[in-house]
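J.: Read off the chains here:
2 protein chains.
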Amino acid sequence: MSHYEAYLIDLDGTMYRGGKRVEGAAEFVKYLETKQLPFMFLTNNSSKTAIQVADKSNDLGIPARKEQIMTSSMAAAIYISLQQGPSKVHIIGEQGLVDAMVQEGHEVVDDHPDVVIIGIDHNISYEKLTKACLHVRNGASFISTNGDRSIPTERGMVPGNGALTSVISVSTGIEPVFIGKPESIIMEQALARIGYDKKQVLMIGDNYHTDISAGINAGMDTLMVETGVSSFQEIKNYHRQPTYKYKNLMDWMNEKKQKG
Amino acid sequence: MSHYEAYLIDLDGTMYRGGKRVEGAAEFVKYLETKQLPFMFLTNNSSKTAIQVADKSNDLGIPARKEQIMTSSMAAAIYISLQQGPSKVHIIGEQGLVDAMVQEGHEVVDDHPDVVIIGIDHNISYEKLTKACLHVRNGASFISTNGDRSIPTERGMVPGNGALTSVISVSTGIEPVFIGKPESIIMEQALARIGYDKKQVLMIGDNYHTDISAGINAGMDTLMVETGVSSFQEIKNYHRQPTYKYKNLMDWMNEKKQKG
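Residue numbers (my numbering), protein chains in the order written: chain A, 1 to 260; chain B, 1 to 260.
Because the hints were derived from the structure by calculation, they are not lab data. Small disclaimer: the values here were computed from a predicted structure and weren't measured. Check the hints yourself; a few may be wrong.
No copy is singled out in the list; a pair is fine if it fits within one copy or between any two copies.
Unchecked claim - Below, computed lysine-lysine pairings styled on DSBU-like, alpha-carbon distance capped at 30 Å: (1) K131 <-> K56; (2) K131 <-> K20; (3) K128 <-> K20; (4) K48 <-> K128; (5) K66 <-> K245; (6) K35 <-> K245; (7) K131 <-> K247; (8) K245 <-> K198; (9) K48 <-> K131; (10) K256 <-> K199.
Generate the whole structure from the sequences, applying the supplied hints.
T.: Below you can see the structure in the form of structure tokens.
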């Protein structure tokens, strides 16, 4: 696999799980650094800023600079710029989404938005959903950071942003543009930022339905690890398979060493 | 139309709209009373108790006793009894839903419910949705008072209970049983209560997609008025038409008078 020029890497389930580092994650990233191979972390999590994500990663011993982070919020902010330039955006979401919009030069507004964007919001309310529906019905573009139906937590699977988004799409009858994995939009932003063609870049992740599908949808080679959501057993009959499958990134490192 | 033995009548959009009585509504109900024709009001609104609904109706000059009200919450409570007897129910919803469950003899619980039921809740929160998702994933039956995607208000179309319900169904992948119009469940409860066969009862309402479809789905004759949500123009190419169409119930009264 050393023929890839650059790497896009999922975080949750691939580098860490909850507050714990995944086996081989730190070694793999340090290997990339030693070889001076460019890499970027891609997360569907819209609630955290790039700095917050990098801090968490560093705290867990996985070296990451904020320039190496792309969240679905950042990809959404860039997408809006490309589509319609600096815009008035009405936000349902948390700090990471607000910061991404402001940093990209968009104006956060309550009324008369050009765009309604929704990301995970643990303080979701009927009034927030109502306002979003009214704006979308009045013609604002409708964007959702990601379509994740549920999020694994210690309590079990809890509602993800895709589930919250459905309130607006079901009520208005208007479907949003989704930005995050498995959509190609976040992948294209990341490839543009890292500066390599998709054929030269490997996408690494644990979740078949987001990470691996995103890579396949974007025309990239993919490496699936079994350290998070999806299992090889579960995906064995799927038509579209990852290019590579390794139990974890330590196995990949070991195989590399054996091959010399 | 005098050959019908009993009448099921929608409230919002048919008897009143917001705080205003619809033309012909009071006269029509008084005519039924004079002729001693039994009638019952059916509402998808799950948030109000039967007494609250009857009070509003009476305040607007439309005579209604609480025994003549069936809300989607009441129909849901009866449905649960018929399906599985007295049950432990976990509720997302407002006073009308809680009261209906308690009056039917169900126990309202926070944990380990037999049933999760959702009705419109203006204090919806991420924690409420999370708990409901966890219970449904753990095997609780999943019931929704009604599938209304949006509710007309002075501000515009705002999210209905069907839109809120989608958070749980999208997140868990499990579809609920819907109780209210256009489903047959609320109709069967109402017919059982009023004590006539469906062929002897006329369903009256303004909303094609709830009231009229409910009547048609239940095998009843239907009368559509144009005083609320749906227009005759909008439905003119639909395959399934209402049995009768009148601009409002005053027109129906006038035609009756002319015919003597």
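J.: Now, for every hint given, state plainly whether the structure supports it.
T.: Tested hints:
no. : hint          : verdict
1   : K131 <-> K56  : between (33 Å within a copy, 27 Å between copies)
2   : K131 <-> K20  : between (38 Å within a copy, 25 Å between copies)
3   : K128 <-> K20  : between (34 Å within a copy, 28 Å between copies)
4   : K48 <-> K128  : both (20 Å within a copy, 23 Å between copies)
5   : K66 <-> K245  : within (28 Å within a copy, 64 Å between copies)
6   : K35 <-> K245  : within (22 Å within a copy, 77 Å between copies)
7   : K131 <-> K247 : neither (45 Å within a copy, 33 Å between copies)
8   : K245 <-> K198 : within (19 Å within a copy, 61 Å between copies)
9   : K48 <-> K131  : both (23 Å within a copy, 24 Å between copies)
10  : K256 <-> K199 : within (21 Å within a copy, 77 Å between copies)
Going down the numbered hints, you'll see the structure goes against just number 7.
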